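Number of protein chains: 2
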Amino acid sequence: MPRGTIETPVFMPVGTQGSVKAMKPDDLERVGAKIILANTYHLHLRPGDSIISQMGGLHKFMAWDGPILTDSGGYQAFSLAKLANITDEGLRFASHLDGARHMLTPESAVGIQENLNSDIMMCLDECVAYPSPRDYVEIAAKRTSLWARRCLEARRNTNALFGIVQGGVYPDLRKKSALEIAAMPFDGIAIGGLSVGEGHAMMMDTLDATLPYVSQDRPRYLMGVGTPVDIIEAVARGIDMFDCVLPTRNARNGMLFTSRGKVSLKQARYKEDSRSPDENCSCYTCRNFSLSYLRHLFISKEILGSILNTLHNLHFYLELMSDIRHSIEGHYFEEYRKQLKENYND
Amino acid sequence: MPRGTIETPVFMPVGTQGSVKAMKPDDLERVGAKIILANTYHLHLRPGDSIISQMGGLHKFMAWDGPILTDSGGYQAFSLAKLANITDEGLRFASHLDGARHMLTPESAVGIQENLNSDIMMCLDECVAYPSPRDYVEIAAKRTSLWARRCLEARRNTNALFGIVQGGVYPDLRKKSALEIAAMPFDGIAIGGLSVGEGHAMMMDTLDATLPYVSQDRPRYLMGVGTPVDIIEAVARGIDMFDCVLPTRNARNGMLFTSRGKVSLKQARYKEDSRSPDENCSCYTCRNFSLSYLRHLFISKEILGSILNTLHNLHFYLELMSDIRHSIEGHYFEEYRKQLKENYND
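Top line first, the protein sequences correspond to chains F and A. Under our numbering, think of the first position of the first sequence as 573, with each following residue one higher. Under our numbering, think of the first position of the second sequence as 573, with each following residue one higher.
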């Protein structure tokens, strides 16, 4: 990317409202983040993409110099807002903040992302709930292809634009969507509509039904995924890019990812535990603090708890990706995959 | 101090529950903190000073290598807990966390602080509300002197112990208390019972009535104070040490201290303001972010807002102290004092 080289497979920390929760930009650099994700829906509603544009774009606004990927806003319009209706024209919804009516079209989704000056823009797509009837999933996938063409036409700048494959958990619909989207001149192909309740096995089955029809000459991005096991299994199937709120959200809920598996600071067993959360971890949190202290911060609702837990969990995820890359280069990916699944078998 | 030289006058950021809210230890170092304060009451109740002792003391627990001053716990037993009674023996109170009954005596206050291994311990004192009848203030000051002697006798380690002057806003009671406390072999003398609602003018009058009777051979500490104007006026009267939650608490409420006066991020005027909060400030926040972004974070309730605002406000307070020290050394203190009061005239 013009703003920096990204080694894949890569994990992108989520900065929903123009901030990766509890992280300063220098903290993000320190944990090894190379690219982050921001949410078009949230930033469009508040503070507004026109204000961000006026402030010099999202990079300057949030003081993050690396690449930024933005979603299209569609998913949040489905999941957070009060959705009024969906037509081929676009999505009508009422803001979850103040109930104000908004319209998101393929053209406006690209326009907003251009205002943000995101390095990788995503097409507006129609993400369906799980489970959904086949007929509806088919209509949504068809509309996603229609919108994908309109997004390509709407683009005015030279930043990257990714298309999104839909099709729910129906192999033939996934194949059709993949062929249609991959045939268009996108800079990358995303797999959308997963991690919406279908479970790990069905997620992997759907990837198996989709990826053979997505050419390997462009990055492949699995949106909103996932657990360490989801990630390594998706990498095994050829996915290059991931984003997920798990490491950051779980951190704020007192859950740490460690090389021994998950650790919940809610457990009384850590009250007098002088060990660091993960003896194999070199992050700031593990170098300086005990489980006892982190549990105290969590129980006491101290902001520092969210900070230190987030630092650790993001470091864990970014080290995981680094370890995966090394295991591929060193030809021991299968061993690494097996071991990770033993530590994270739940 | 064995753990580091402290130039005075000094401001001590408040780390109530073993964490200066929203600050990592390296952030504290970065803003120039040399000594911090922690609250005995909070740490005694949670996680418990015996656990902190077991974890290697408070410095190791919170990964802060510099000196730590702890209060005696008395003030919070008055202000936060449900106070059962006060006798010469000590304070009986019910925890604000779970209602459990506790007893704080001069001896246990010192014992708890020794468990924490604080570098500067404070005597248990009886802080009275403002206003309080003269008779009661007299009894409380007398008891404070009694407890002061018992604290000195109870001390087992070689860490510093400060006595506390009480006496409300009654000049003769302050004089009596000051003479009694200053006659004892304390390592420093604190002025307690101020900043409890008496207002700036009466606070200064009380200092004027007290400080002539406190010898100048030991550091003098004005507890829980204050605004920039409180501080510079107290320095003018000979105070060396301060602590206050204002910079940290106000930060979380969206209020910034700047060289131009106070800035409230609640104000809509900052929505599209691309300037940094303080053009004369070299802190991380001012070097990287605009008022527009900080307002967005505040309105969006992002943790990063608390972090960046706290970084800035603590930097402001610690720079203020540094500027005061330079103005004294450079013989322009009176000019500096006048200018500061113009910027903070409210």
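It is worth saying that the hints were derived from the structure and are not from the lab. Computed from a predicted structure; not experimentally measured. Incorrect hints may appear among the rest.
The list treats identical chains as one, so a pair stands whether inside a single copy or across any two.
[As the list claims (entries may be wrong)] Derived pair list, reagent style DSS-like, types lysine-lysine, alpha-carbon separation capped at 25 angstroms:
#1 Lys-632 with Lys-843
#2 Lys-654 with Lys-873
#3 Lys-714 with Lys-910
#4 Lys-632 with Lys-838
#5 Lys-873 with Lys-632
#6 Lys-910 with Lys-873
#7 Lys-843 with Lys-747
#8 Lys-654 with Lys-606
#9 Lys-834 with Lys-747
Hint by hint, work out which the structure violates, then give me just those numbers in ascending order. The structure conflicts with hints 3, 6, 7, 8 and 9, although it agrees with all the remaining ones.
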